[in-house]
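J.: Protein chains in written order, with the numbering used here: chain A, 299 to 556; chain B, 299 to 556; chain C, 299 to 556; chain D, 299 to 556.
Don't read these hints as lab results, they were simulated from the structure. A few of these clues could be false.
Identical chains blur together in the list; that is why a pair holds if it fits in one copy or across any two.
What the hints assert, rightly or not - Here are the simulated SDA-like pairs of lysine to any residue, each with C-alpha atoms no more than 20 Å apart in a straight line:
hint	residue 1	residue 2
1	438	463
2	438	409
3	438	385
4	438	406
5	438	407
6	438	352
7	438	456
Single-letter residue listing:
There are 4 protein chains.
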Amino acid sequence: MNAQGSTAQIDLNSDVGESFGSYTLGDDAAIFRSVSSANVACGFHGGDPSVIAQTCRDAAAAGITVGAHVAYRDLAGFGRRFLDCSPTELADDVLYQIGALEAMAHAAGTAVRYVKPHGALYNTIVHHTVHARAVVDAVKAYDPELPLLLLPGAVAAEIASAEGMRVVTEAFADRAYTPEGTLVSRREPGAVLHDEELVAERMVRLATEGTLTAVDGTEIRVEAASICVHSDTPGAVAMAAAVRAGLEGAGVRIGSFA
Amino acid sequence: MNAQGSTAQIDLNSDVGESFGSYTLGDDAAIFRSVSSANVACGFHGGDPSVIAQTCRDAAAAGITVGAHVAYRDLAGFGRRFLDCSPTELADDVLYQIGALEAMAHAAGTAVRYVKPHGALYNTIVHHTVHARAVVDAVKAYDPELPLLLLPGAVAAEIASAEGMRVVTEAFADRAYTPEGTLVSRREPGAVLHDEELVAERMVRLATEGTLTAVDGTEIRVEAASICVHSDTPGAVAMAAAVRAGLEGAGVRIGSFA
Amino acid sequence: MNAQGSTAQIDLNSDVGESFGSYTLGDDAAIFRSVSSANVACGFHGGDPSVIAQTCRDAAAAGITVGAHVAYRDLAGFGRRFLDCSPTELADDVLYQIGALEAMAHAAGTAVRYVKPHGALYNTIVHHTVHARAVVDAVKAYDPELPLLLLPGAVAAEIASAEGMRVVTEAFADRAYTPEGTLVSRREPGAVLHDEELVAERMVRLATEGTLTAVDGTEIRVEAASICVHSDTPGAVAMAAAVRAGLEGAGVRIGSFA
Amino acid sequence: MNAQGSTAQIDLNSDVGESFGSYTLGDDAAIFRSVSSANVACGFHGGDPSVIAQTCRDAAAAGITVGAHVAYRDLAGFGRRFLDCSPTELADDVLYQIGALEAMAHAAGTAVRYVKPHGALYNTIVHHTVHARAVVDAVKAYDPELPLLLLPGAVAAEIASAEGMRVVTEAFADRAYTPEGTLVSRREPGAVLHDEELVAERMVRLATEGTLTAVDGTEIRVEAASICVHSDTPGAVAMAAAVRAGLEGAGVRIGSFA
Numbered sequence: 299m300n301a302q303g304s305t306a307q308i309d310l311n312s313d314v315g316e317s318f319g320s321y322t323l324g325d326d327a328a329i330f331r332s333v334s335s336a337n338v339a340c341g342f343h344g345g346d347p348s349v350i351a352q353t354c355r356d357a358a359a360a361g362i363t364v365g366a367h368v369a370y371r372d373l374a375g376f377g378r379r380f381l382d383c384s385p386t387e388l389a390d391d392v393l394y395q396i397g398a399l400e401a402m403a404h405a406a407g408t409a410v411r412y413v414k415p416h417g418a419l420y421n422t423i424v425h426h427t428v429h430a431r432a433v434v435d436a437v438k439a440y441d442p443e444l445p446l447l448l449l450p451g452a453v454a455a456e457i458a459s460a461e462g463m464r465v466v467t468e469a470f471a472d473r474a475y476t477p478e479g480t481l482v483s484r485r486e487p488g489a490v491l492h493d494e495e496l497v498a499e500r501m502v503r504l505a506t507e508g509t510l511t512a513v514d515g516t517e518i519r520v521e522a523a524s525i526c527v528h529s530d531t532p533g534a535v536a537m538a539a540a541v542r543a544g545l546e547g548a549g550v551r552i553g554s555f556a
Numbered sequence: 299m300n301a302q303g304s305t306a307q308i309d310l311n312s313d314v315g316e317s318f319g320s321y322t323l324g325d326d327a328a329i330f331r332s333v334s335s336a337n338v339a340c341g342f343h344g345g346d347p348s349v350i351a352q353t354c355r356d357a358a359a360a361g362i363t364v365g366a367h368v369a370y371r372d373l374a375g376f377g378r379r380f381l382d383c384s385p386t387e388l389a390d391d392v393l394y395q396i397g398a399l400e401a402m403a404h405a406a407g408t409a410v411r412y413v414k415p416h417g418a419l420y421n422t423i424v425h426h427t428v429h430a431r432a433v434v435d436a437v438k439a440y441d442p443e444l445p446l447l448l449l450p451g452a453v454a455a456e457i458a459s460a461e462g463m464r465v466v467t468e469a470f471a472d473r474a475y476t477p478e479g480t481l482v483s484r485r486e487p488g489a490v491l492h493d494e495e496l497v498a499e500r501m502v503r504l505a506t507e508g509t510l511t512a513v514d515g516t517e518i519r520v521e522a523a524s525i526c527v528h529s530d531t532p533g534a535v536a537m538a539a540a541v542r543a544g545l546e547g548a549g550v551r552i553g554s555f556a
Numbered sequence: 299m300n301a302q303g304s305t306a307q308i309d310l311n312s313d314v315g316e317s318f319g320s321y322t323l324g325d326d327a328a329i330f331r332s333v334s335s336a337n338v339a340c341g342f343h344g345g346d347p348s349v350i351a352q353t354c355r356d357a358a359a360a361g362i363t364v365g366a367h368v369a370y371r372d373l374a375g376f377g378r379r380f381l382d383c384s385p386t387e388l389a390d391d392v393l394y395q396i397g398a399l400e401a402m403a404h405a406a407g408t409a410v411r412y413v414k415p416h417g418a419l420y421n422t423i424v425h426h427t428v429h430a431r432a433v434v435d436a437v438k439a440y441d442p443e444l445p446l447l448l449l450p451g452a453v454a455a456e457i458a459s460a461e462g463m464r465v466v467t468e469a470f471a472d473r474a475y476t477p478e479g480t481l482v483s484r485r486e487p488g489a490v491l492h493d494e495e496l497v498a499e500r501m502v503r504l505a506t507e508g509t510l511t512a513v514d515g516t517e518i519r520v521e522a523a524s525i526c527v528h529s530d531t532p533g534a535v536a537m538a539a540a541v542r543a544g545l546e547g548a549g550v551r552i553g554s555f556a
Numbered sequence: 299m300n301a302q303g304s305t306a307q308i309d310l311n312s313d314v315g316e317s318f319g320s321y322t323l324g325d326d327a328a329i330f331r332s333v334s335s336a337n338v339a340c341g342f343h344g345g346d347p348s349v350i351a352q353t354c355r356d357a358a359a360a361g362i363t364v365g366a367h368v369a370y371r372d373l374a375g376f377g378r379r380f381l382d383c384s385p386t387e388l389a390d391d392v393l394y395q396i397g398a399l400e401a402m403a404h405a406a407g408t409a410v411r412y413v414k415p416h417g418a419l420y421n422t423i424v425h426h427t428v429h430a431r432a433v434v435d436a437v438k439a440y441d442p443e444l445p446l447l448l449l450p451g452a453v454a455a456e457i458a459s460a461e462g463m464r465v466v467t468e469a470f471a472d473r474a475y476t477p478e479g480t481l482v483s484r485r486e487p488g489a490v491l492h493d494e495e496l497v498a499e500r501m502v503r504l505a506t507e508g509t510l511t512a513v514d515g516t517e518i519r520v521e522a523a524s525i526c527v528h529s530d531t532p533g534a535v536a537m538a539a540a541v542r543a544g545l546e547g548a549g550v551r552i553g554s555f556a
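Kindly generate the complete structure, drawing on both the sequences and the hints.
T.: The structure is reproduced here in C-alpha cells:
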C-alpha cells in the first residue's frame, strides 16, 4: 500500500521450459508456485517441442502469463554465446521462435503475451544496435502490440519505444547495482546476493518505492515493472519463494504486466 | 469442361523452401510459375527461418497458397528416414513446425492453409496408426479447420475424417499406378514417367474425368483434388510447366483447394 | 577364488560423458569410483566435445578404460529412438564418432579401447542384421582389434565373431532374467531389481560361477565378461558401489576386459 | 624451372566435402582434377559422415593430401559467423573435428596431414589471440607435427611458430592484394579477379618469384607455399583448372606441402 492508498503491483518472471530431451534443467513446477510470468524457451537455446508443450500447459493451469524467451540459435552453448548472425537471420530466427511457441501456447489454451530475449541476445541488444533493431523488427512484424521485456537502458528499448511498441523493464532480484543503476559485473565480489531476507526486502522497496540501495550505499531509482528471479541456480526456488512471500507480506500484488 | 458445362478445377502442389543456410535445393522461383499450392518446409527436414520467410513472401507475391510441410526431426536425413519417436513427441514436433511457419507466413501477409506431411512421415502415416493419429491430433489441436493433404487410402486420412476434419488427397503427376490405384513401387521398372506430354495428358484425364490408366492398361478411378509435381529432380521445372500448360489448354482451372 | 584357486575377474561398465552444454546428466565422478570401463558418449546422443574431453581426462586419471558409446544421430531423443538410416549412413556415423572420441582420449593420454552401441542402436543390432553389419563394418574399418561390447546373443555378436573380431558380452546388474537367459521386459513387474545387497550377491555368483537365478527360480548360465551398472537412475551410484564392494568382498578382481 | 635450374613447387588447396545430407555443394570431383590438397569439412560447418567418407576415398584415389577444415559449430551459418565460444570449447571442438575426420581418412587409406580453419574461424584467428591460441593448442594436443595452413601474418601463425609448430601460409588465386600484402576487402571494387589467364599468370609469378602485383601496380612479396582456389563459386572449376594449367605450363610442380 503506497502513500496514495493504492496497492503496488509487480510482476515476477523466470526462465522455464529449458529442459531438452533427456536433459532436465531447473524445477519449473516449483518456480511456478512463485512467479506470474514465464519466459518459455523456444527450442533455439533450450526446450524441445514436448517440453515446451508441457510447460505451456503447466503455465496455463497455474494462471501464469507466457512469454517467448527467444535466443540465438545455439543449443550447444545454451544461447549464452554471441553469434554474429546477420540482422535478417536474427529477425527471422526470432519470428520463427515466437510462432513455434505460440502454437504450443495456443494448444494449451493460452498465448504468447510478451517477448524476452535470452542470454547473450539479451545482453547484446543492450548495446548492439543492429541486433537490437532485428529483434524489434521481428516482434513488430509478428504483433506490434506484443511487449518486450528488457534491461532498463537497453538500446533495444529505445528502438522499440521509437517504433511505438511497449517496453517493460525488469530488475534482477539477486543482483547488486552500481550507483549508476547498472548491474555490478559478476566478476566483482558481491555481485550476486544470496541472503533471501535481504533480497526480499530490497524487492519490496523496489515494488513500493521504485528504489534500491546500490553497492556504495546510495539510493538509486530503478524503473522495473517486473522482477527476474532465477530458476536454475542452487537456492533459486527458495529465493523465488522468499521474494514472493516478502512482496505479499508487504501488500504488493503480484501479477504479470501482460 | 465437363458434361455439365462447368469448368473442372484442380490444385498443383510442390515442395519448396527446402534450402538451408548456404545450401540451395530446388528452383522455387521457377516452380512458383506453375503451382497453386506450396508445401513449405518448416525447418525440421529442410528450410531455415530466413529461407522460410523468403519462401512465404514469394508465395504471397505469386498468390500461391501456403501449406506446412511437416517432417520428422531429421535434418541430416532430410526427413526421409523413419524415426521411431513417441506419439507425444511427434504431435508436439508437428505443432511446433506449423506454428513456426505460421509466424513467417503471417509476417509475409499470408497464412498456413493446409498441412502436408513430408517424406518418411508422409509414407509412414499411410499405415502407421500411432503416428497417423499423432499428426491428426496435432493439426486438430492447432486448428480443426486446417485440411490435411494426404495419399488416398492413408490411415491418417481415415482418422482425420473420423475426427470431422477435411482431408484432401493427391495424385502424383509422374508416377505409374497399379490397377488397385496405388503407386507402382520405385523399385519396379516404369514407376516414374518422364514423358512430359504423356504426363500432361494423364493429368488432364485425372482432372476432368477422375481416371488414370494403370500400368496394365486398365482404367482406374483416382480421387485427387491436387496433383503433386516434384521440385528438385532433373526436369522438375519443365514437367511442372508441362502439366500446367496441359491442364490450362484443356480448360481446367488451376487453383488451390485451401 | 574359484575351485582352481585362481582369482575371478570381471569388468564393471557404465555410461558416462552424456552431459551436454548447460545440461548435466549423471554423476560421472561418483560412478568413476566404482567402474573399470567407461562407455563415453561421442556427441550423437549426448556429450559435447568439452564434456567428452573432461570425461576422458577423468577416466585417464582414475585408470578407467575408455570405450566409444556410439549412437544413432539423435540428440533430441538421446539415441533412444530407432532411426531407419541406411547402412552406409550408420557405418559412417559410427566411424565418425569413434574417431572424434579417439582424438579426445588421445589428448587425455588414453585411447578408445572398445566400442559399445548405445540405446536404440544397442537394442536394434540384437536382431536387425543390416544395422548390425553396419556397426561391425565400421568398427572393423577403424581397427579390427577393437572389441565390441554387446548383449549375449545379439546378431551383431555373431557377425563380428564371424569377421574374426573380439566380442565381449555383458550382464545387467539390476535386471531380472528369464529362464532362457534374456532380460525380463521392463513392462513386466520385477524387471528391475532395487535391492543392492541382492544385486551384489547375484553379481558375485555371475563373476565366480557364471550363473544367475532366473525369475522362475531356475539357475541359468550367463556368459558375461562385463557387468553394466547404470549411471543416471536414482540410486545408480549407490548400486554401482554396492556391486563393486560385493565383488571385492568376494575376492573378485575388477578390471576392464580391454 | 627457375634461374638456378631447380623446379619451383607449389600446392593448390580447395574446400571440399561440404555437402550435407540431401544438399550438394560444389563439384568436388571436378576440383579434384586440379588441386593437390583438400580442405575436408569435418561436420561442424558442412559435411556429414557419409559425405566426408566419400570425399576421403576420392582424395585418396586421386592422390590428394587431406587436411582438416575445422570450423565453429554452426551448420546453419556454414561456419561463416563469429561465435563467441570459450577457448576451452573452441579447442575441444577443433580436436573433435580433427579426430572425426582422421577416422574417416584412415578408413579410406589416407590420413589428416594438415589443419586449415574455415570461414569465420579462419578470419577470426588472424587477430583474435584467444581463439588463435585455442586452435593452436588443439592441433598441438592432437599432433604437434601437424602443420597449420593460415593467412600470412595471422596471429595464429605467430603463436604456432612460437610453439615450434609448422605453419604454411597461402595466397588466394582470385583476390587482389594491397601494397601492404593484405587482401583487398571484398567490399572494394576489383577485390575479386575473374580473368582466368591473368590469375594463372599471377600464380606463376607467385610460385616462381614469390611476388604479386598489388592493386596500385607495385610489386609485393607474398610468402605462400600454397594457393587457395575456390570450389563453390561460379567459374570455380574453370579457374582452378586454369591456374593448374598455367603453373604446369610454366614448369611449376604442383604438390602438397604436407
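J.: Each hint needs a verdict: does it hold in this structure or not?
T.: Hint by hint, here is what the structure shows:
1. 438 <-> 463: within (8 Å within a copy, 33 Å between copies)
2. 438 <-> 409: The answer is both: 16 Å in one copy and 17 Å across copies each meet 20 Å.
3. 438 <-> 385: within (14 Å within a copy, 35 Å between copies)
4. 438 <-> 406: between (24 Å within a copy, 13 Å between copies)
5. 438 <-> 407: between (23 Å within a copy, 13 Å between copies)
6. 438 <-> 352: between (27 Å within a copy, 17 Å between copies)
7. 438 <-> 456: Within. Shortest intra-copy distance 14 Å satisfies the 20 Å Cα cut-off; inter-copy 41 Å does not.
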